[in-house]
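Position chains B, C, D, E and F against the provided structure of chain A, taking the given hints into account.
Note that the protein sequences, when read in sequence, are chains A, B, C, D, E and F. Going letter by letter, the first sequence gives residues 878 to 1382 in the numbering used here. Going letter by letter, the second sequence gives residues 508 to 669 in the numbering used here. Going letter by letter, the third sequence gives residues 255 to 1187 in the numbering used here. Going letter by letter, the fourth sequence gives residues 799 to 908 in the numbering used here. Going letter by letter, the fifth sequence gives residues 6 to 94 in the numbering used here. Going letter by letter, the sixth sequence gives residues 13 to 134 in the numbering used here.
Treat the hints as calculated values from the structure; they're not laboratory data. As the structure is a computational prediction, the values presented were derived from the model and not from experiment. Just to be clear, a hint being listed does not mean it is correct.
Only pairs whose alpha carbons sit at most 25 Å apart, straight line, appear in this in silico DMTMM-like list of lysine to aspartate or glutamate [unchecked claim]: (1) E/K31 <-> C/E878; (2) D/K896 <-> E/D34; (3) B/K565 <-> B/D654; (4) B/K637 <-> B/E609; (5) C/K455 <-> A/E1286; (6) D/K896 <-> C/D1037; (7) D/K896 <-> C/E878; (8) C/K978 <-> F/E73; (9) D/K896 <-> B/D647; (10) C/K814 <-> F/D111; (11) C/K407 <-> A/D1318; (12) C/K407 <-> C/E358; (13) D/K896 <-> B/D645; (14) C/K355 <-> A/D1318; (15) C/K1018 <-> F/D108; (16) C/K1018 <-> A/E980; (17) C/K794 <-> C/D1037; (18) C/K1018 <-> F/D110; (19) B/K637 <-> C/D1037.
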Amino acid sequence: MNDWLLAPILIPLLGAIVQAFMGYAPISLRRTLALATTVLILVSAIVLLILANDGSYRIYAFGNWQPPFGIVLVLDRLAALMLVVTAVLGLLSHIYAVGGADEGNRQFHGLFLFQLMGLNIAFLTGDLFNLFVAFEVLLIASYGLLMHGGGTARTVPGLHYVVLNLVGSAIFLISVGMIYSVTGTLNMADLALAVRGLSGADLEIVRAGGLMLLVVFGLKAAILPLCFWLPKAYAKATAPVAALFAVMTKVGTYAILRVYLLVFGDNAGPLANLGMDWLFPLALITLAMGVIGALGAGSLKNLVAWQVIISVGTLLAPVALGSEAGLSAALFYLLSTTFTVGGLFLVSDLVSSQRGSAADRIITAPKMRNRTFLSVLFLVGAVAAAGIPPLSGFFGKILILQSVQSGAEMGWLWSVLLIGSFLTVIAYSRAGSIVFWRTVDGHLERPARLNGRVSASAGALIALTVTLVVLAGPITRYTDATAAQLHNTAAYTAILQIPMVAEGN
Amino acid sequence: MLDRLTFPQPWLSVLLFTTWQFLSNGVSGASVVMGLVLAWLIPQITSGFWPERPVFVKAWRVPAYLLRLVQDIIVASFSVARLILSPRPPRPVFVAYPLSLEHPLAITILASTISLTPGTVSADVSDDQKTLLVHTLDADSAQEVIDAIHNRYEKPLMEMFQ
Amino acid sequence: MSLPLVVFLPFLGALAAPLFALGGRTAIAIASSVPALIALAVLFPFWETLANGDVVVQSYEWLPTLGLSFSFRLDGLSLLFALLILLIGLLVILYSRYYLKSHENVGKFYALLLCFMGSMLGIVMASNLLLMMIFWELTSLTSFLLISFWTHKQGARRGARMALAVTGGGGLALLAGILIIGNIVGSFELDAVLAAGDQIKAHAMYPVALTLVLLGAFTKSAQFPFHFWLPHAMEAPTPISAYLHSATMVKAGVFLLARLYPALAGTEMWFYMVSFTGMATLLLGAYVAMLKHDLKGLLAYSTVSNLGLITLLFGMGTKLAAIAALFHVINHATFKASLFMAAGIVDHETGTRDMRRINGLWRYMPHTATLAMVAASSMAGVPLLNGFLSKEMFFAESLALNLPGLWGWLPPIVAILAGIFAVAYSARFVHDVFFNGKPVDLPIYPPHEPPRYMKIPVEILVFACIMVGVFPTISVGPLIYAAASATLGEAVPDYELAVFHGFNLPLMMSLIAFFGGLLMYSQRQRFFDFHARFREIDEKAVFEAVVARCVNLANRFTGKIESGSLQRYAMLLVVAVIAMAFLPLTNLGLYIGASGLTPVDWPTAIAAGTLIVSAIITAVMHRERFFALVMLSVVGLVVSLGFARFSAPDLAMTQLSVEVVTIVLLMLALYYMPSWTPLETTTPRRIRDIAIALTAGIGMTLVTLAMLTRPFSSISSFFLEHSKPHGGGTNVVNVILVDFRGFDTLGEISVLAIAALGIYAMLKNTALTPPSGDGQGHPWTRDAHPMMLAQIARPMLPLALMVSVYIFLRGHNMPGGGFIAGLITSVALILQYIASGMVWTEERISFRYHNVIGLGLLFATVCGAGSLVFGYPFLTSTFGHITWPVVGEFEVASAMVFDLGVYLTVIGATLLALVSIGRLSPHSAIKSKKEPV
Amino acid sequence: MSLISEYLVSALLLLGGAFTLIGALGLLRLPDFYTRLHAPTKATTLGVGAIMLSSVIYFSNHDQQLGFSETLITVFLFLTAPVSANILAKAAMHIGVKPVRGTRGRPWEQ
Amino acid sequence: MMTAALYITIGMVTLAAVLNVCRLIKGPDAPDRVLALDTLYVNAIALIILLGLVLGTRLYLEAALLIAVMGFVGTVAMGKYLKRGSVIE
Amino acid sequence: MELMFALVIGTLTATGVYLLLRARTFPVVVGLTLLSYGVNLFLFSTGRLVTGQQPIIGSAEHYTDPLPQALVLTAIVIGFAMTAFVVVLSLRSLADHDDDHVDGRRDEPPLREIDETEANGQ
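Bound conformation, chain A alone (with noise of 0.2 Å):
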């Protein structure tokens, strides 16, 4: 029982709180105040990954009950990644929302950390259940971020956006209510375990709640078909909240990781590897259809939010293979790709604010104030977001290429790979030829420079693609241990029999 689980959930439950107070107190402070909860946030996180990073799992279990009885949050190697990738995410998407973004209402930190919150629940959490009312606490701060800003523009995406996850949750529910009706537990280790011997009308309960549980999850990282409502929600959300937004569609692949990987991993039995045929080639066209929609992206918000679709395919192919190495590789991708695309949009952000109306659309228009700044962060999010060398998303590449070595799947996943970041390359050398060299001399009211804040976090985000090159080594062997406490379910069921806490009241 270790008390710093608790510490990334209730550092922004309760900034936030102090958020829903203060809403009159002077914006410096309110300003002030969230930022010091987010790095908090981070330094939890910190801590978490250290204390993981021993390879043994550690739970916490509120109330003092007994898992499965109880709700469990439970640290791993795993979590502790996606907690720091989402502090450090959010940090700097943070620090970006600092520089003017938050203005315009008074709820907007308070909705940030919330969502901070819902993000920590979901890694952090081994109940089922829990983890549904971890992604409802996720997705209505989200929706209220979406909605955050002026303009009409956001808002039909986002009712898409919201409808299409209500009606996600709806499944979830579903899904839940099918499993546990033969399982009779929602504990996620107590269900793997209970899910080996199952058979007959059983097992077809379950199977089908797991495979809808899978469309549940694929909704939320956005596959394809269901990946559509994602470009147009966030090319339009605010920026900052666009590039936190680069790690919501993280979270369902980490739900597909914990829960298929877990639950129905290699040792389910009949139900072993469940849904991982169907997830391969859908996570292959989905890559495709993003490099499509990126290909004929109008605006550089939208070539980045076509881009989230690309990695979601990306990461999702060596998932749905489901070897150590490709895990391993998919980790890695992850860590890149979640950076590299929240910086791009904070970046085409910078961009639309310094081109007057023709904002961040691909078209002629005036030169930009600090093109130069600009043009460089473009470019070296642009490098690591197509995955050319020498920045992190090519390692990303090359790990997932070279975990899988064999078999027709090689082939398809090597072309589309492939021939997917050759297309991605043109789409953005397009874009940024266009958009930082093909200028006119217009009348354009000299835009504002940049402020410190936003640039500094921009860089610092896109900056980071570069220290993931640098850090390959021990990032690698990390996720490698990570892949392999993945696979290794016996060790995460034993945490049924940690003991608690003495019988105290």
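Same frame as chain A, but now just chains B, C, D, E and F:
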């Protein structure tokens, strides 16, 4: 809001205290203490929502009124039941009843009474609170209805409130 | 550490370059040459070792999972290329100092140039294929940025993008090839790969790997049919063309052929693919070069042709051919770089590169002309110049190639033809530019000799041409030997670098080529005329058109699929679920489990029937919105009755309260909306939707049936056992909510809170004008606050509060609890809003709902955290029995505080949401006639 | 449970059921909205009242504990039914729901 | 005997509810529907009390109480919507 | 009984899905509500249908499974919050587009413009 240790609406407090005893399914030490606390606390909170307090002049008439009401309700129900079951079509009439009462609460009580009793429903109160529109399910004439309401209900109410 | 230093120094220099740019062109040129000089100094001591054919490898671990390491290798081959890169690089740096104008972004130029230099060094010195791959793509990238250095020029941007697309794309193919090779060998280290040549060639994947690697090499080295990007890369500043697109980067492809020679070469496949590609490129390049009027275009195509020559040599597969190839790499680099620089000078001094306009420059710049003429002679293969030597070797090799039958004639003929063309275009370069009459309409007139220092690089290169041409053995002999031994990976055969080998067939071929070329040049107008019959294809435009077409197609495809139609997306989602669940459910079929069906009781059945009918009517009549709403309330009511019927009093109560609040909410919304839904969807569409809906419904029915009839056991006996003794409450559902699964509840109230805050935020600046009537011709009444309602609402508030206190307090033991109590309180307050209006009610509420929400969450959290103080986990509850005088014994549970948090949050959230909607119309659209009474 | 109270409970139940049913019948049969308004306010309310009374008696006997929760429900119903009727009547008059032919007097249009 | 009476009553109330639903569906005007819904709420109260009697438990009474409160608010809100449009203003 | 219950859930799902696929926000919201009723009933029924076994210790001899009830309670509350949000969002959409179509409907300027100049040369 909680600056006074008084009972701003004594009648309400009594009502609340009694209700609490009902809810607690029997009078006990705990229910009395809790009832007292609530009977004090709730009116403190809600007094603002009930700005004009009813002034019962002759409170002892309330039980008699209620009794008559219950009696009428039962009778009313039977007569309406008979009407519903009989094949004869009803003879409805809209009656504009001239109000003597002035206090809104009194008017409301009267209107409610009318609605609960034989074949009449108070459909509306005029804007100037001088007339009550009553729909009667089955009546011979409007005047008959007006007289009945006036004698049976409005008079006792006037005595209670004025 | 010294080898990585060589590679990374230029990158460091690149970082510093913008700083030095502040000091002007000279400062930055000097600063930029420092890394190259240091690198040369670092390499110098290795010569002793390398000359013997030894190899130096320095390796540092980087990404072991991937097999990627920082390993660098210096052998003859890499040294040869490294020297080329560094030396020509230095000359280009010097040359650029004068070429660039002072207002140009020299910082960017030198930074990119140094980046390129580093990347190129990385390619040639990497000892790990993946590492090489990284540098490989880096050169594509830097080349992209350098070509488009003059970003304002459309041609530059397009040329750059095309170059990036072709070379970058080829790079991806190469990557795949390398990964396959690494997979076969089990390592990416060059040592291992080179040693595993037989293994690779025997492997089933060899053809794939070879094709992919060659794709990479050919795109980079502008081999047919990928050659088209190179001429358009000439939009770059001329020093860049000289450096990247003739001397170094385009040589990366042939370097790769050399590097992997032991691993991949020697098969028939290699022979045919490489040599035929080389031949085609050789001829095509030479032919087109002849026809170009653009000075740099001529040089570009001649570069293509020369690259084809080198490729062809490598493709021949003989050792001597490989040596010849290496030799020609050096020679081509020297003469072509000098020619480019000369062309740059001409361009710089005349302002144009059109050979139809620049004539007779000999008179204006004799010095430059001399240099250019020497270099061009070398290109043409005039004896005593280096070009002659390697061409001679090439002729010899083309003869030595033993192809069966008539095919045997092909290489020599191609060689001679190419030689003829080479002489012709070299002659054209010299004669058209420096003689041939007078200049025509030059933008800058009269031209002058360039600054002194601008000519130095050219002079050095031309000097090198002569030195090598005259003293080949002394000047480059050892280097070639070292490179050859590194390339071949085994003993180097005997060969002789000599100016004169005697009167033999190759010399004859040279002579034929020389005179043939001159003849051809004299007849050039015929060629031009012949060529003019064909429409010239502008590859750049074609490329752009193809890209634009792709973008357009992608755009339209995306627009079609991502249509922005929620109906489509929702349909896809539902269909996806159905598709996923279909198979298991078909397997399941109409399954009735072991528990069997329990008998139906009629009231329940009738209620169920009512529900079904109501639900169907809601769906059928949905266009009449208010009706649908009423039917929806019926559904909700029956559902909550159902909960009560099947032993769930808590659920019944919750469902009911929520339903009423939802209905109120929907009515609030309906006020602003049309009260009718127009009929929009077509009948087939509706039938489709009905089919989908029915399938979903049937699926759910089957699942439910199967689930309900199978025997069941769950973890819940634990809850039933521990609820009273350890949870302190007899209402197990409530104990689960506040204790066993209290964390869910915390999340749940967070959701409520967030929703309310989100709603508030979303509506903050929204204003809606409500319709003035109900859509059926009735204007709204002015009676906003009916008297009776207002009067009754007042006593309802204290009563309802009382009831909610009651429900709240008993929640732990009996049906009830904070959530329901909170909803009762909210509804009582909502009643006040309905009865007396917003203004009246808010005057009487002294708190902000935000704070209530915050307080609620705070209570719940603090209550949960309280147990931390005592060393128990979050949300551990405790309870005790306290006996007070009069009151008697009663129970106090910490969970109550948690529940209080729930209570407050629910009130705050519900009211905040509803009131936010109520506030939507800034002033009530229809004036009410009086204040509430 | 004593026999008398059992009889009483049964009688009250049947009475309540009957009234409820009659109320519903009225709602269905009566000719116009205004006449239908009478059915629930009286018959049904009373029906529920009777059923609740039976519940009070039953549980007082059964659990030996006086149960007044039901009374509270009844009070609530009696308090609210007229208001509901009033609001609905106002709404109907506002919308212009026509009374059945033969109705004397006219609804208001305020 | 009481059991018999109970079931007869349940039958009658259920029937009443069905009749109410018929009126609800029939309309013809919106107030008719709301009236029927209101009556349905009252029937539901009766049903819940009867259920409590059948099961011999008082646990469901509060649900009935809640229906009384909530049903009223629902009806009032609908009534107000019909004539005023804006429920909360 | 079980069959009946299953049919109820099936109907709620079917009607919910049908309304979900309509083109206006209001029916969609109603559909979502119906769907969530169905889902709640389904989740509830995972504890099986029993009469008079309310999970209040001391009120009966056997108790039904309390866990699904607790889950449904949570689901109801969350569903309520979500419905409220989507209702408000549809209002916002109405305010922004003067139309309650789910896709906003007011023709927006085309999102992407293919740049003819870049494509066809200047």
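Hints, one by one, checked against the model:
1. E/K31 <-> C/E878: Measuring from Cα to Cα gives roughly 13 Å; hence the hint holds.
2. D/K896 <-> E/D34: Satisfied, since the Cα-Cα distance of roughly 10 Å is no more than 25 Å.
3. B/K565 <-> B/D654: Holds - the C-alpha atoms of B/D654 and B/K565 are around 23 Å apart, at most 25 Å.
4. B/K637 <-> B/E609: holds, 8 Å
5. C/K455 <-> A/E1286: holds, 24 Å
6. D/K896 <-> C/D1037: holds, 20 Å
7. D/K896 <-> C/E878: Holds, at about 21 Å.
8. C/K978 <-> F/E73: OK: C/K978 and F/E73 at ~15 Å, within 25 Å.
9. D/K896 <-> B/D647: holds, 21 Å
10. C/K814 <-> F/D111: Answer holds: C/K814 to F/D111 is near 23 Å, not above 25 Å.
11. C/K407 <-> A/D1318: holds, 14 Å
12. C/K407 <-> C/E358: holds, 14 Å
13. D/K896 <-> B/D645: holds, 17 Å
14. C/K355 <-> A/D1318: holds, 22 Å
15. C/K1018 <-> F/D108: holds, 13 Å
16. C/K1018 <-> A/E980: holds, 13 Å
17. C/K794 <-> C/D1037: The hint is violated at about 75 Å.
18. C/K1018 <-> F/D110: holds, 18 Å
19. B/K637 <-> C/D1037: holds, 16 Å
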